[in-house]
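**Student:** From first to last, the protein sequence lines are chains X and G.
So for the first sequence, the working numbering puts the first residue at 1; every next one is plus one.
So for the second sequence, the working numbering puts the first residue at 328; every next one is plus one.
Hints listed in this document are in silico derivations from the structure and should not be mistaken for laboratory results.
Remember, predicted model here, so these are calculated numbers, not experimental data.
Errors might be hidden in some of the hints.
Stated by the list, open to error - Derived CB-CB ranges, DEER-like: (1) Gly469/G - Phe10/X: 17 to 25 Å; (2) Gly469/G - Phe303/X: 32 to 40 Å; (3) Ala344/G - Gly88/X: 41 to 49 Å; (4) Arg443/G - Asp85/X: 43 to 51 Å; (5) Thr140/X - Gly469/G: 45 to 53 Å; (6) Pro118/X - His340/G: 27 to 35 Å; (7) Pro724/G - Leu293/X: 52 to 60 Å.
What the hints assert, rightly or not - Non-contacting residues of chain X with respect to chain G, defined by C-beta distances greater than 12 Å in every case (computed): (8) Ile15; (9) Ser20; (10) Phe30; (11) Leu39; (12) Ile58; (13) Ile84; (14) Leu91; (15) Phe110; (16) Arg114; (17) Leu117; (18) Ser156; (19) Ala182; (20) Gln206; (21) Phe213; (22) Val286; (23) Val308.
Glycine is no exception: its CB is placed at the ideal position from the N, C-alpha and C atoms.
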Amino acid sequence: MGRLLRQHEFYVAVILVGFSLLVGLVNPAFFSLWNLFALLKSSAVIGIFSLGLLLVLISGEIDISFPAIGVVALYLTNLFFSGIDYEGTVLLPFLMAAGIGVLLGSINAFVIARFQLPTLIVSLGTLSAFQGFILTFVDTRIINRLSDPMIDYSRSKALSFGGEGGPVYSIHTSVLVFLLLAVVTWILLRYTTLGRGVYALGGDRQATRRAGFRIWKIETFIYLYVGFLAGIAGLIHSAHVRSGNPFDLVGTELNVLAAVVLGGARIGGGRGTVLGTVLGVLLITVMNNSLILLGIPSYWQRFVTGMVLIVAVVLPQVRHLRSPQPA
Amino acid sequence: MPPPQFLELDDIHKRFAGVHALRGVDLSIREGEVHCLAGENGSGKSTLIKVIAGVHPPEEGRVRIGGSDLDPVTPLESIRRGVQVIYQDFSLFPNLSVAENLALNNEVEQGRRIVRWSRIRATAREALARIRRELPLHRPVGELPVADRQLVAIARALLHDARLVIMDEPTTALTQREVENLFTVIENLRAEGIAILFVSHKLREVLRISERLTILRNGSKVAEGPTTDFDERSITEAMTGRSVRDEKFHYTAGPGARPPVLEVEGLGRPPAYRGVSFRVDPGEIVGITGLLGSGRTELALGLFGLLPAREGSVRLDGQPLRIRSVEEALAAGIAYVPEDRLTEGLFLEQSIHRNIIASILPELAGRFGFLDFARARREVEEWIRDFGIATPNAEVPAQSLSGGNQQRVLLARWLARTPRVLVLNGPTVGVDVGSKEAIHQRLRALAAEGMAVLLLSDDLPEVVSNCNRVLLLREGRLAAEFDESVTEETLNAHFAETAGTAGV
Ligand SMILES: Nc1ncnc2c1ncn2[C@@H]1O[C@H](COP(=O)(O)OP(=O)(O)OP(=O)(O)O)[C@@H](O)[C@H]1O
Ligand SMILES: [Mg+2]
Chain X
1 MGRLLRQHEF YVAVILVGFS LLVGLVNPAF FSLWNLFALL KSSAVIGIFS LGLLLVLISG
61 EIDISFPAIG VVALYLTNLF FSGIDYEGTV LLPFLMAAGI GVLLGSINAF VIARFQLPTL
121 IVSLGTLSAF QGFILTFVDT RIINRLSDPM IDYSRSKALS FGGEGGPVYS IHTSVLVFLL
181 LAVVTWILLR YTTLGRGVYA LGGDRQATRR AGFRIWKIET FIYLYVGFLA GIAGLIHSAH
241 VRSGNPFDLV GTELNVLAAV VLGGARIGGG RGTVLGTVLG VLLITVMNNS LILLGIPSYW
301 QRFVTGMVLI VAVVLPQVRH LRSPQPA
Chain G
328 MPPPQFLELD DIHKRFAGVH ALRGVDLSIR EGEVHCLAGE NGSGKSTLIK VIAGVHPPEE
388 GRVRIGGSDL DPVTPLESIR RGVQVIYQDF SLFPNLSVAE NLALNNEVEQ GRRIVRWSRI
448 RATAREALAR IRRELPLHRP VGELPVADRQ LVAIARALLH DARLVIMDEP TTALTQREVE
508 NLFTVIENLR AEGIAILFVS HKLREVLRIS ERLTILRNGS KVAEGPTTDF DERSITEAMT
568 GRSVRDEKFH YTAGPGARPP VLEVEGLGRP PAYRGVSFRV DPGEIVGITG LLGSGRTELA
628 LGLFGLLPAR EGSVRLDGQP LRIRSVEEAL AAGIAYVPED RLTEGLFLEQ SIHRNIIASI
688 LPELAGRFGF LDFARARREV EEWIRDFGIA TPNAEVPAQS LSGGNQQRVL LARWLARTPR
748 VLVLNGPTVG VDVGSKEAIH QRLRALAAEG MAVLLLSDDL PEVVSNCNRV LLLREGRLAA
808 EFDESVTEET LNAHFAETAG TAGV
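Build the full structure now, drawing on both the sequences and the hints.
**Tutor:** This is how it looks when you write it as structure tokens:
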């Protein structure tokens, strides 16, 4: 029990439950299965982005270019597959989107690891470069007709029950994808030496080098993985909104960052867990979607997210400053 | 037949921008040999160690480990051949648990890709068993006190296939009892055929534990041989190139009774310490000593407002004073030089200049709050000269200085304030004999000007030769007081008694 109380995740879970109860009290519609499953579905995109950002934060850096990677991946992939009236399995578009993500991630990785630059600065540049690339060299039009496999995916369910006269409730496949990637990321961080290297890097860069890790390898891996996840998240987003919009996603960095930080990842590095991040993602999703249920105008969303981010960053710091310095 | 050479360095050169840190150094260590590396601050000891570890590849020269050359010298290769280094800054991961800190390097070295936590814990237990210590395996290392952090670093280095363990000033943060513990471990390792390379500024330790000795001065080797060929005087002379004497401090109360600068009455912050009363007259250097856990550091932090005392009173120049925060302590004229320069004191990434003026910014600010840059520069130059800080200029970051020189920067910062009461916690930890003397002279001069100096230290020779009174803390209470005739033997006897009653 004592150990539980020291876990950040425990508090996030308590806040999540508390906030949900509050929303449910004001508007009982919140607790309908239909709404809960819809929330889960809409958490998938932010969630997958968050897993990537989690690695970056643990390693002690901040990346904001991933939405642009998602945009490039979703736009090029959909452009190509609608163009050829593709009919096969949806795995191929996913493979392509992930591949584009890895490719763009490798650009980040190269610049960051080779020139030892702070990720924030590099990704500020690549964020607009990636999106600008699409708008300048490819197209600015929204792709309105996705290929059939993508449409099928957008209707697909991982699990459904009910029916027989009653309403049908179903959990979208994207939720499963998010869950799967979360488990993969968890295993990676907890049970591979590479994953522990990411924590080590965020704890002490010098000590990491002395331990025999190749820092450039760890960094390269991080940004390839971020790209991989961003490609997938981008494509899923396009399926959810059933269009390929080159202006989408950029701007969600704030939500993703808020989710990861709420989940206990420390700006400055060294700390953060997948479980915490998933809880943080759920919390942010519930907050964003429930402001409407609570009757708060939707333009408050950004304001509220910003405030939440500040509180999430400040609280651990207060605890840190209050605890007596080890003598 | 003597055992074969394990490590051979031949004509090593290393330069940093503007500094020729190593100038053709040779060094050889046999298997199972305890070898000591001595030299003044900035003479290149840590740099030499980093060359062996592959962190700083040499520009010229040959590194031979375990019978064949390393080309190039990389950290991984050095580790593979059995070299383990304990760095001055411990090189630990504050965010990771004790167990993982102990096992991680080993995992990387063995090229493991998958982490099995049961194996990590087993490795960690094995490591701790070798130093005969228990530490909480789950605790993040950043939450441990300095002494325990160092134990983790030492235990980690002792793991498995180490054939040469290099320790850069391993004893600076340890109490006497812990040093004994470490020496026992070193003896055991030697018996197992593992070689030790040991850097220390405490000559007594060097003479006691090492078989061979190499002395550096200004990046060159100036002496080498069996330890039995040396004594404290000859080591000191080889290091400094001159003879150094550390004379005993004598306090003479000035004519006419001057009121005490500092009076402490029943000060306490249970359970760390309680009921502590003493006074310091102008010109006195009062020593406070005691084992780790005696409340020594907490008392110092109390006087400086970092961990404010909860009971008792303090008077400064006869005026009652409440110290509830660092600001109040500073405003009243109390300065504190902390024990752990690496984590508590310095802005490592900032220039020496900024580090020194950090504490006197308000004074340097002229009208309208603008900084008087010219004056700041003059002051800084003065301090660098007075303390003999070895640096090309004042603009290099503090972290590029050798450990001992960092300590001098920290001292300069606090002395620049010319405080009424100066509280020093282990002021010469990691400082070489030559500059130790310089710092001691400086303290005496300050005392002579009427400053009250409180010297907290477990370096008994330092306490005995510099203090005109010594207070002994034991389990948070003042256990004894000695006048200037105190000797190391007396203090040692009292320590032994403490250890006995504590049941350790
Ligand atoms: N990374 C670096 N960049 C620039 N100069 C450096 C660097 N590391 C060391 N030096 C310089 O090299 C010289 C030797 O430093 P080193 O740390 O080896 O001394 P040391 O003998 O270990 O001293 P100490 O006893 O104070 O720890 C010093 O003048 C130091 O300023
Ligand atoms: Mg050194």
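**Student:** Which hint numbers does the structure go against, in order from smallest to largest?
**Tutor:** 3, 12, 20 and 21
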